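**Student:** Here is how the chains run, residue by residue.
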Amino acid sequence: MTALYSGTFLPLGVLVWPLLVGLVAMVVWSRGALWVLPLAPVPALGFVVAGAPGSVVVPDLLLGVHLGIVPGGALLLGMTALVWTVAGMHAALTLRAGPQAAVFAGFWCVTLAGNLGVFLAGDIVTFYLAFAAVSLAAWFLVIHERTQKALAAGRQYITLAVLGEAALLVGLMIGAAAAEDLHIASVRAALVDAPLGPLGVAALVLGFGIKAGMVPLHLWLPVAHPAAPVPGSAVLSGAIVNAGLIGMMLFVPDGTGWGDVLVAAGLVGGFGAALWGLTQRNPKAVLAYSTISQMGLMLMLVGAGSAGVAYYAFHHGLAKAALFLCVGVMAAAQTPRQRGATLGLVVLVALSVAGLPLTGGGVAKLAGKQGLPDALSLVLTLSSMTTTLVLVWFVLRLAQAPAPPLAPSPLWRSLFAGAAVLGGLALVAPWAVWGHATGLPTGYPAQPANMFAGIWPLLAGLGAAALIPGQRLPEYPPGDILALLRWRGGGWSGRAGAARSAAPRRHWRRAVLRALLHVRRLETHMRPWPRAGWVLIVTALTFSGLVLWTL
Amino acid sequence: MTAALPVLIVLTSLVPACVTFFLAQDSHRLRNGLNLSGAVLKLALIVWMLFAVAGGASYEATLPLAPGLVILLRVDALALLFISLSAALWFATTIYAIAYFGKKAELSRFFGFFSLCVAATTGLALSGSLISFFIFFELLTLSTWPLVAHKQDKPSLAAARAYLAYALPGSAALLWAIIWLESATGPVLFTDPPDLSVLEPGALRAIFALFIIGVGVKAALVPLHGWLPAAMAAPAPVSALLHAVAVVKAGAFGVVRVIYDVFGAGNVVALGVGWPLAVLASVTILWGSLRALQQDEIKKRLAYSTVSQVSYIILGAALASPLAMIGGLVHLIHQGLMKITLFFCAGIYDERAGVKKITGLNGMGRRLPWTSVCFSLGAMGMIGLPPMAGFVSKFYLGLGGLQAGAPWVLGVLAASTLLNAAYFLPLLYRLWVLPAPEDAKGDERAPGLVVPAVVTAAASLGVGLLAASPISPLSWATLIVTREYGP
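Quick mapping for you: the protein sequence lines, in order, are chains A and B.
For the first sequence, our numbering begins at 1 and goes up steadily by one.
For the second sequence, our numbering begins at 1001 and goes up steadily by one.
Each hint should be verified, as a subset may be incorrect.
No more than 25 Å apart at the CA atoms, straight line, and that leaves these computed lysine to any residue pairs for SDA-like [to be verified]:
hint, chain 1, residue 1, chain 2, residue 2
1, B, Lys1441, A, Asp254
2, B, Lys1151, B, Phe1091
3, B, Lys1356, A, Trp35
4, A, Lys149, B, Ala1436
5, B, Lys1151, B, Ala1265
6, B, Lys1357, A, Arg509
7, B, Lys1357, A, Arg521
8, B, Lys1151, B, Ala1054
9, B, Lys1356, B, Pro1470
10, B, Lys1357, B, Ser1037
11, B, Lys1104, B, Gly1055
12, B, Lys1357, A, Val512
13, B, Lys1103, B, Ile1179
14, A, Lys149, B, Leu1036
These aren't lab readings, by the way, just hints derived from the structure by calculation.
Keep in mind it's a predicted model, so treat the numbers as computed, not measured.
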């Protein structure tokens, strides 16, 4: 009889607690379901603050559960817990109570547990379970509002999520078969030499790429992130996308050529998505494109072997969640002062994301450049330009968002406080862990060369952005490639466009239906099979008779 | 005692069966008590034997049937895997059936054949020789027919007729295969694989094909599966039993026996008949899923899903690598637990809310929450999401496919995952997201129906969640493979 577990239960508690909270929200106390949400990530926060100590092995659970912080996971786990806490408060303050809220709260907690789990899983089955939880349960966050738009976004989301799951499973099975072991590290190592290794890594990149919004697998992202309610968007864009990123960091082996693929896809996404964001009108859609762009940069860093990916993602998660929450804060603002304050916060956080020197984002860029070849280092510097552009556009769009009718005034303050905490952390928290996470001297970000590399692209971006008001930017629906396929010249004009868009889709659907029809027809052909059976019997009897006769 | 045990196990079902036939229709209490105590006794015996067999014991009983023909009942690890499933689910289904039928007509006939069917399955599982296997196989065919025809309406009778029309030729093929093989090698005992070298490879291949046709009809291998969706006309407890325990499983179990104990995995590979069977199983997996997509009746969709899922077992057996075998064997249990849950739930939707079609499921989650949670768990398991049971089987099958040098299996599994998601997720969407129609009614104030579903759903979650624990089906399947077929 082996021991039921070995190690400390802390990491398991971090994951089980949100599930218990979710159970309470869904079953026991559904009236106050939303109010328990901020409590769900608390043990995770405590775990990170305590230095993510200990690991646990539960041999009987699943195929043997190994939990412990993954390399580079502490920063991401802490950021994830912070984002979910503040977003949970935002949800409790803004969403309407009711049975729908209980469902939302329950799956919120499942998603959270999965999101935390990807940073703690030491074996691939636990990882897959966590990934499936964060991926599939988040569907309920996307469709929460049950509008036509949300449901359509949900359909796209779940289709790609399931596709990603299947791809991931194939990749993991190939890795596990080669490793003859379920540890993530052994699977990663085995994928290098396995005969089917390239296929396995391709499947993994596909699965993680869908989640991380890697171009061209990002199609669902700009549709789904804006469709969710504000706190849902915040966790989707701030925290959940990182499940894909950590997957890439943990599983894609070095020196197999896949790094280059990530760099290429990252470059296209990093710049293309930021520029494409200018074609959006909905502030949340603009932000979603900014997320794709930032994730592109991070994928590039992963592919190029940068030492600062987790650090970069740490800042981006906090900042992006703060920006998404600000959309909700803005909607609750009533007085011009409140609107002004919100916009001020947005500008501050946006500057950080764009890499203003000495802000959290600025030092994150410097950390990201560690271990990067010079050319890509320059690329990262240049990316500030497009980031600035798209974020200026976001600020403009947000400022023009119509002021809502009356909402209770104390609400704004609480909401603003939440967003300000996250935004503030985005600005300063990277400093707090700078030495610890990067090993660079404290004065490094203030060196003139680094200051200059941070400031000039930002100014250039601002200069370019100054031209925006005079331009008539094209307007496309979110979901670029898909939308373009539907658009097919003539511009997007509401219903007429929708009718046109249906054509290729109908064609595709008809092909599937035709295939299914063939299956059905074949099956009717098989009906007479029992008759064939009787022939068989008669043959058998004759045959047996012959055998007996010859004996 | 040790010689009597296998017989005793069969008798725990056979005696209630024989007595029940002669009970008056309205002696409900006696009939229910008899059936339930049989089921409980059987479970107790099996639990006891599980520990004994894990410790290395084996039991054997020989019953002379005719000169030169003996029925050999033998308890080995593989047999025990199957009878623990059938005993546990027989118990659950009996409770469910008692609540389902209430005081309807012809219950003595029903429960008589019901127990007989289980007795036949048990005997089939315990059979230690080909001829005993065949006898119980036939008994199973015949005892199932009255169950399918139970409602005595037109569709039921037609379904029962179709069932026989498929099953009898299958039996003929099986008998032919047995005679052909045994005429060359003498009586075949599963403990003592026959010497196949006396036959030409060509003849062996033909015999193998006949065997597969024979048991494949019951396992609903495409294109021999036509009877199964038709048999949906039967009452819900029958469908549950048919799909999870008795007929379909007996077919799959037969394939496992033929491959491992008649031919031997090595010979199957050497003869080159393993991969065609694996391909056939893969075709069945995809075919069943494609057809399931097209059904708008809940039970029919589930029936085609069975066609697809049972072939996982056959796929695992045909690939013949240790991990694939474990995956296939463990799916015997996993599929049973998940599918019986789904059928229990389908029966509850029908009985308590009058819903047979998929469109009727809209908003059902709020009215029948327990049932719907169970249904969702079963469906998630079928898709193969962790931590449900289905994931474990699929993971092992995939690894086994790679181990056997058949990486295309991964493609089949991935496609099957996607197809399963495509036909189960819309159901969950209806249950939980879409609003209920105005005139919707229905409740779940029927503990006899709901509790068995909850228990089996919890079990299908539990065996996945605790897959690596020493008391899980996975550990048992691993024990079978390492002990009996291992290198």
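**Student:** If a hint holds in the structure, say so; if it does not, say that too.
**Tutor:** How the hints compare with the structure:
Only pairs whose Cα atoms come within 25 Å are accepted, and B/Lys1441 paired with A/Asp254 is rejected, the gap being roughly 59 Å. Taking the CA atoms of B/Lys1151 and B/Phe1091, the gap is near 22 Å; set against the 25 Å cutoff, the hint holds. A threshold of 25 Å between alpha carbons decides the hint, and for B/Lys1356 with A/Trp35 the separation of about 39 Å lies outside it, so the pair is violated. For the proposed pair A/Lys149 and B/Ala1436, the alpha carbon gap of about 20 Å is at most 25 Å, so the pair holds.
Of the supplied pair hints, the one linking B/Lys1151 and B/Ala1265 is violated, its CA atoms being roughly 43 Å apart against a limit of 25 Å. The hinted pair formed by B/Lys1357 and A/Arg509 meets the criterion: a straight-line CA distance of about 23 Å does not exceed 25 Å. Taking the CA atoms of B/Lys1357 and A/Arg521, the gap is about 22 Å. The hint holds against a cut of 25 Å. Straight-line distance between C-alpha atoms of B/Lys1151 and B/Ala1054 comes to about 43 Å, which puts the hinted pair past the 25 Å bound.
A threshold of 25 Å between alpha carbons decides the hint, and for B/Lys1356 with B/Pro1470 the separation of about 40 Å lies outside it, so the pair is violated. Between B/Lys1357 and B/Ser1037 the CA atoms are separated by roughly 36 Å; this puts the pair beyond 25 Å, and the hint is violated. For the hint linking B/Lys1104 to B/Gly1055, the alpha-carbon distance of about 46 Å lies beyond 25 Å, and the restraint is violated. At roughly 23 Å between alpha-carbon atoms, B/Lys1357 and A/Val512 fall within 25 Å of each other, so this suggested pair holds.
Pair hint B/Lys1103 plus B/Ile1179 does not hold up; C-alpha atoms about 46 Å apart against a cutoff of 25 Å. Using a Cα cut-off of 25 Å, the hinted pair A/Lys149 and B/Leu1036 is violated, with the two alpha carbons roughly 53 Å apart.
In this structure, the earlier hints numbered 1, 3, 5, 8, 9, 10, 11, 13 and 14 are contradicted, and the remaining ones agree with it.
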